[in-house]
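Okay, here's what each chain looks like letter by letter:
4 protein chains.
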Amino acid sequence: MNSLFEPILKKIKKFRDERDWKKFHNPKDLAEAISIEASELLELFLWKTKEESMEFVKNKKNCEEISDEVADVMVFLIEFCDNYSIDIEKAIEKKLQKNAKKYPVNKAKGVATKYTKL
Amino acid sequence: MNSLFEPILKKIKKFRDERDWKKFHNPKDLAEAISIEASELLELFLWKTKEESMEFVKNKKNCEEISDEVADVMVFLIEFCDNYSIDIEKAIEKKLQKNAKKYPVNKAKGVATKYTKL
Amino acid sequence: MNSLFEPILKKIKKFRDERDWKKFHNPKDLAEAISIEASELLELFLWKTKEESMEFVKNKKNCEEISDEVADVMVFLIEFCDNYSIDIEKAIEKKLQKNAKKYPVNKAKGVATKYTKL
Amino acid sequence: MNSLFEPILKKIKKFRDERDWKKFHNPKDLAEAISIEASELLELFLWKTKEESMEFVKNKKNCEEISDEVADVMVFLIEFCDNYSIDIEKAIEKKLQKNAKKYPVNKAKGVATKYTKL
Numbered sequence: 318m319n320s321l322f323e324p325i326l327k328k329i330k331k332f333r334d335e336r337d338w339k340k341f342h343n344p345k346d347l348a349e350a351i352s353i354e355a356s357e358l359l360e361l362f363l364w365k366t367k368e369e370s371m372e373f374v375k376n377k378k379n380c381e382e383i384s385d386e387v388a389d390v391m392v393f394l395i396e397f398c399d400n401y402s403i404d405i406e407k408a409i410e411k412k413l414q415k416n417a418k419k420y421p422v423n424k425a426k427g428v429a430t431k432y433t434k435l
Numbered sequence: 318m319n320s321l322f323e324p325i326l327k328k329i330k331k332f333r334d335e336r337d338w339k340k341f342h343n344p345k346d347l348a349e350a351i352s353i354e355a356s357e358l359l360e361l362f363l364w365k366t367k368e369e370s371m372e373f374v375k376n377k378k379n380c381e382e383i384s385d386e387v388a389d390v391m392v393f394l395i396e397f398c399d400n401y402s403i404d405i406e407k408a409i410e411k412k413l414q415k416n417a418k419k420y421p422v423n424k425a426k427g428v429a430t431k432y433t434k435l
Numbered sequence: 318m319n320s321l322f323e324p325i326l327k328k329i330k331k332f333r334d335e336r337d338w339k340k341f342h343n344p345k346d347l348a349e350a351i352s353i354e355a356s357e358l359l360e361l362f363l364w365k366t367k368e369e370s371m372e373f374v375k376n377k378k379n380c381e382e383i384s385d386e387v388a389d390v391m392v393f394l395i396e397f398c399d400n401y402s403i404d405i406e407k408a409i410e411k412k413l414q415k416n417a418k419k420y421p422v423n424k425a426k427g428v429a430t431k432y433t434k435l
Numbered sequence: 318m319n320s321l322f323e324p325i326l327k328k329i330k331k332f333r334d335e336r337d338w339k340k341f342h343n344p345k346d347l348a349e350a351i352s353i354e355a356s357e358l359l360e361l362f363l364w365k366t367k368e369e370s371m372e373f374v375k376n377k378k379n380c381e382e383i384s385d386e387v388a389d390v391m392v393f394l395i396e397f398c399d400n401y402s403i404d405i406e407k408a409i410e411k412k413l414q415k416n417a418k419k420y421p422v423n424k425a426k427g428v429a430t431k432y433t434k435l
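Heads up: the sequence lines are chains A, B, C and D, in that order. This note's numbering numbers the first residue of the first sequence as 318 and each following residue consecutively. This note's numbering numbers the first residue of the second sequence as 318 and each following residue consecutively. This note's numbering numbers the first residue of the third sequence as 318 and each following residue consecutively. This note's numbering numbers the first residue of the fourth sequence as 318 and each following residue consecutively.
Among the clues, some could well be false.
A pair counts as met if it fits within one copy or between any two copies, since identical chains are not told apart.
Taking lysine to any residue and the SDA-like style, the derived pairs with C-alpha atoms no more than 20 Å apart in a straight line are [as the list claims (entries may be wrong)]:
no.	residue 1	residue 2
1	407	323
2	327	402
3	415	426
4	377	422
5	378	360
6	415	433
Since the hints were derived computationally from the structure, they do not count as laboratory data. Here the structure is a predicted model, which means the values were calculated and not measured.
My request is simple: use the sequences and hints to build the entire structure.
In structure tokens:
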């Protein structure tokens, strides 16, 4: 179903099932986990300016830390998609089409204003 | 680089670049966006029990709402990986190996205890 | 201004100023910090059912951990209010009045539905 | 118990109890609510630089929006403290003492480094 993730999904499920963790993985707790891991990624940039955050990602010695946090979010997100039959490619295409209506190019170009205020 | 996302990445970048939004997309703000969108996904399950969350995802009429929120998180996560040269497959494999050490099967099997307390 | 917090505010500011940290405390980063700390509070309940979360808070040996996470969120929230002249009592009263309109008793009683779907 | 919040707590509980919402308010869901509301506060500063976030809070016409989001976080946090008998003043004092050890002035002064890397 989520052909995009097929290569990596098997490893994610193997890790989970060896630990008998599927019983903990309902939609509510997986969404909590995604949010908590996303917050850990954000923490890497806390108290940094935009410019400092750009320097931080360029520095090779921070690569692993960043990759690790991104991976943690992605692992739960991929499992979420697999468990609840979300075709992520289709989901993204559909959402981009909706966003295109919320943020028409002529209004949204070059500004970061939320669509409710455009 | 992120061959896993090649098919969908082009559409994500087209959407962003048509709106001249790349200038807003530094690591700090992208991490904020990922966290904020993850929180919107979580909100779908707020005040629901685990069981109710499972009913919620099974109900066809909630599918679109769930897919939309998952897509929002994924879009920013995919862009993050692309911008900062994270090979997500490698990142996940590496992280699963680390997690396997933090959560050895014999200790972690069937329990949801954090590794710091195992 | 925030008379509610007067007794504790002095200690929070002393801690911050001894470390010369005010320079990092702009609205964006304080909001990030509040969100990150809130996420750490949430992590205490990850993978737990509603009932298990109720057992967890009753257990004396978890008290300190919970108090610590709540304190972390509160410290940044109190500083945010102080820095940007938010009278938290007035802010809460005003917001409760707005919420009362969004969630009229006759519609909202006993249900956890979001106001957009009431 | 939480004398700090006595004046406002009554109004928060009245709002909740008129709607018969106490049944939804367990530790797990309250922590989710705190995290979700904190994320909405953060969203006000998304895509803004540090400097723009400082301009944003100074502008009178944004005051209400900011106060509203802060209030939302605070309402759930105050209820959390009340429900689970957390004396917030004591909790903050205790946590500041712990943080003082994690971040000794001579090491932490003027730098935003996490204690694990100090």
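Tested hints:
no.: 1; hint: 407 - 323; verdict: both (15 Å within a copy, 14 Å between copies)
no.: 2; hint: 327 - 402; verdict: within (15 Å within a copy, 23 Å between copies)
no.: 3; hint: 415 - 426; verdict: within (16 Å within a copy, 33 Å between copies)
no.: 4; hint: 377 - 422; verdict: neither (36 Å within a copy, 30 Å between copies)
no.: 5; hint: 378 - 360; verdict: within (17 Å within a copy, 28 Å between copies)
no.: 6; hint: 415 - 433; verdict: both (14 Å within a copy, 19 Å between copies)
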